[in-house]
Amino acid sequence: MNPRDSEATPAKPLLRCTGITKYFGGVRALNAVSLDFMPGEIVALVGDNGAGKSTLVKIFSGIYQPDEGSIWLGDSEVKHLNPQLARELGIETVYQHLLLCDNLGAAANLMLGREPVSFRLGPFEIIDAKRSIEDARRHLSELGSALDDLSQPVRQLSGGQRQAIAIARVTVGAHSLIQFDEPTAALGMRQTRATLELIQRVAAQGVAVIVISHNLDEVFAVAHRIVAMRLGSVTLDALAHQTSREQVVACMTGVSFGKDAS
Amino acid sequence: MRPRTLASTAWRTFAGRRNLGLLITVLVVLLLVSLVSPQFLSIDNLLVIALQVSFIGIAALGMACLIISGNVDLSIGSQYALCAVTAAMLAKTIPSPLAWIAGIALGAMLGLIDAFMVWRIRISPIIVTLGTLTIFRGIALRVTNGFAVRGVPQVFSTLGRGRWLNVPVPVWMLAGLAMLAHVALHSTKQGRHLFAFGGNPQAAEAAGINGKGMVLTIFAANGALVGLSAVLAASRFGTAAPTFGVGFELDVIAAVILGGVAFTGGEGTIVGVLLAVILLGTINSGLISVGVDPHYAQVVKGAALVMAVTLDQLAHEQQERHRKKLAMQERSPAAGT
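Sequences listed follow chains G and Y, in order. Read left to right, the first sequence gives residues 1 to 262 (the numbering used here). Read left to right, the second sequence gives residues 1 to 337 (the numbering used here).
Just so you know, the hints here were simulated from the structure itself, not pulled from any lab data. There's no promise every hint is true.
What the hints assert, rightly or not - Derived coverage of chain Y by chain G (criterion: at least 3 residues anywhere in the stretch with Cβ under 8 angstroms from a Cβ of chain G; other residues may be distant):
| no. | stretch |
| --- | --- |
| 1 | 174 to 187 |
| 2 | 207 to 215 |
As the list claims (entries may be wrong) - A few chain Y residues facing chain G, derived, Cβ under 7 angstroms:
| no. | residue |
| --- | --- |
| 3 | A196 |
| 4 | G199 |
| 5 | N200 |
| 6 | Q202 |
| 7 | A203 |
| 8 | G266 |
| 9 | R323 |
| 10 | L326 |
Unchecked claim - Some chain Y residues close to chain G (C-beta under 8 angstroms, calculated; not the full set):
| no. | residue |
| --- | --- |
| 11 | N145 |
| 12 | Q190 |
| 13 | A204 |
| 14 | E267 |
Note that the structure is a prediction, hence the values are computed from the model and not measured. Heads up, the beta-carbon is just placed ideally off N, CA and C, and yes, glycines get one too.
Next comes chain Y alone, as it looks inside the complex:
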């Protein structure tokens, strides 16, 4: 067997090649934009992009794990709104750190509600969370009477506006959580079992993996991440509105799929998701920098997603042909050892 370096191993896998493609695309976009607008590559601007993507990025980590396990949570936009307004409202009466924690805990609770229904009713998580999407939004609108929460104390904003070593706190959080998610997903038993469930739930159950515990944990963890993202956003803006996060789920899912997570479950990497989040953020602010109508950003991002899944499909078809060829060889009598 020929020796394999880490790099060549990464290149050999489908996900490795895909992630390299994403990385190159990010670099190309950065380069193209900087030709028109040289300040685009300044540290300050890159940090602004990083800050902008950190909210979607944190939520995308949880969503990636959910989709890999064969689930999905469409209600995260409404979870986001409900957590943000709750944390902001609480911050007016209780110490801000407690309000932050309450927002995150509420997210975990909302995720658990989704998980219980997904597990108990055994209907597609798409349907269940489409329902809670409306319910959570309705609650957020009710508790605020439809108005943004104002008069939040200054301290509440220290989390979202804070910097450490000149890097915004949300960016640090995304980086830390992404590393944690990477290890948890790719190197632990729990992560392996997520992939197993996404690949073939029957086989995973037959191997004695506790599906219920996994669904509850993964939805709750996802909710907590959404809660954190919402708290960071409310803290950064110093306010929160019940209309926060409309369409958030679509942005997050688009990033996750562009990052190479198969919507059918069982495939994906945290590195890919992170690269996709960065790519979408770069496209977004790059188009603004070069003076393109920001509405086109939607078109470009959508086109990137469609192109990526098309390439995936082509690659999988090629793989399938290869497998069929193998099977034919095996069946042919001439293939004896």
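Excised from the complex, chain G in its bound form:
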């Protein structure tokens, strides 16, 4: 169900961008992109390589600064977004190459940088190991994922388990926007399904979600709204049930397949 459909509360975008333009040298990577993102809504971002999807994601996560345009969080404009500020604003990104410390356990990865402290010893903050494990287990189970041994180095885990940890890690801190950069690219079928379920659970907690994907089956399975991009411009911004694969492909490639050549 799309959060936009609910009549009770008039939908108000959680995050909004208007007229975002980004140049890399002489190349215009993004051309006046304006989008808004509702709480609880999963937006699929599709497009060919070089369409500007990753650039847009990197602008939201503060890695790139737009040359023109503005970003609004609720009613306030966000200026000079950088990775640190993005984190503080609750914008998190799950990257294609998972950002996990392979040598640490699941709990240590999940709680990295926000370890619960039991007491201080001079300059040292002693980690509350038990609470760290409990918190990590709780975060994982909120996403419907469970692991027996949370201290085993994550390099020994399977791709799907690692994915679950990476997703759980960003959702702990995210309260406005979570971006998934091709979350299922490296996964088998069963783990892909589990990951899509994870994404739906994350969205159900009321944050805005962006998913970059090349797989249209996946896109239609999870997305409430589909945004197609081509050569830096938004060519389609439609509710998933009001569009079709043909239209999405046409907007991605710029080639229309006969019937709606608008």
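With the hints as your guide, set chain Y onto chain G.
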């Protein structure tokens, strides 16, 4: 889930099994040497070994933390020389306790110099500290004109030659610092973040950990430990030469790696490093005790290091195969729940 005792947990981890292996090796060496030379196991002799290893041991604690965090400092041999001669020279004009402190503080400063360059230039710490290795040695030779510092007051030597409960002061210091390092590395936020940086610096930065602060702190702490080690040595010998600590970095790094710290960062335990330091010291004095040409000690120590890393590599390959097997199972359609 089956209940786990502390011992079985330690056995389950790779590091736990490795440390047990080191401990057994130490005991075997002690036993073998004592068959030939029974006095080897006397308390006095064991204390001599402990004293001999305490200088490398103190420096190895800092080096272990550095390498775990994905860094390294090759200039510690020259830091050692510079701190030793500085403390000894100062002791001739200022009270000895102040000279000790000055030597340690100088070490921290030299570490900070390395850290600033490692962070600012963003070149491999190997290259940066290879440069400062030469620079610091050159300074040590210049300030002493190449001669050993003589005429150091008696008081200066009380630290290195002192005993408490019949145990030499440097050994107490190693024991205390090792316990502190163990807790700091394995139970604190700061220690956890060292491991995180050694494992995946990008992920650590993404988690909001301050990499610059960490690099500065860890290099400075390492320098202070090297300074302490140098002050203890100068104090014990009652003199200091600018040629102190040539090859010190290699001995220290060898002990750290033998102790199970991965040179690529992210893995290691203080217990392992301490056991390796003890093992190398035991081999060293054991070979002398049984009358083997001391030059062979180099060969034996080197062989121990090569053997240890070979075993590590084999174990990791096995682990990797296990992981691949898991991944295959997950991908196969038959593996449905």
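Hint check:
1. 174 to 187: holds (count 3)
2. 207 to 215: Answer holds; 3 residues pass the 8 angstroms Cβ test.
3. A196: 5 angstroms, holds
4. G199: 3 angstroms, holds
5. N200: Since chain G brings a Cβ to about 5 angstroms from N200 of chain Y, closer than 7 angstroms, the hint holds.
6. Q202: 6 angstroms, holds
7. A203: 4 angstroms, holds
8. G266: 4 angstroms, holds
9. R323: With a closest approach of 6 angstroms, the R323 of chain Y hint holds.
10. L326: Holds: closest Cβ of chain G sits about 5 angstroms from L326 of chain Y, inside 7 angstroms.
11. N145: 40 angstroms, violated
12. Q190: 6 angstroms, holds
13. A204: 7 angstroms, holds
14. E267: For E267 of chain Y, the interface hint holds, since the closest Cβ of chain G sits about 6 angstroms away, which is under 8 angstroms.
The structure does not agree with numbered hint 11 stated previously, though it agrees with all others.
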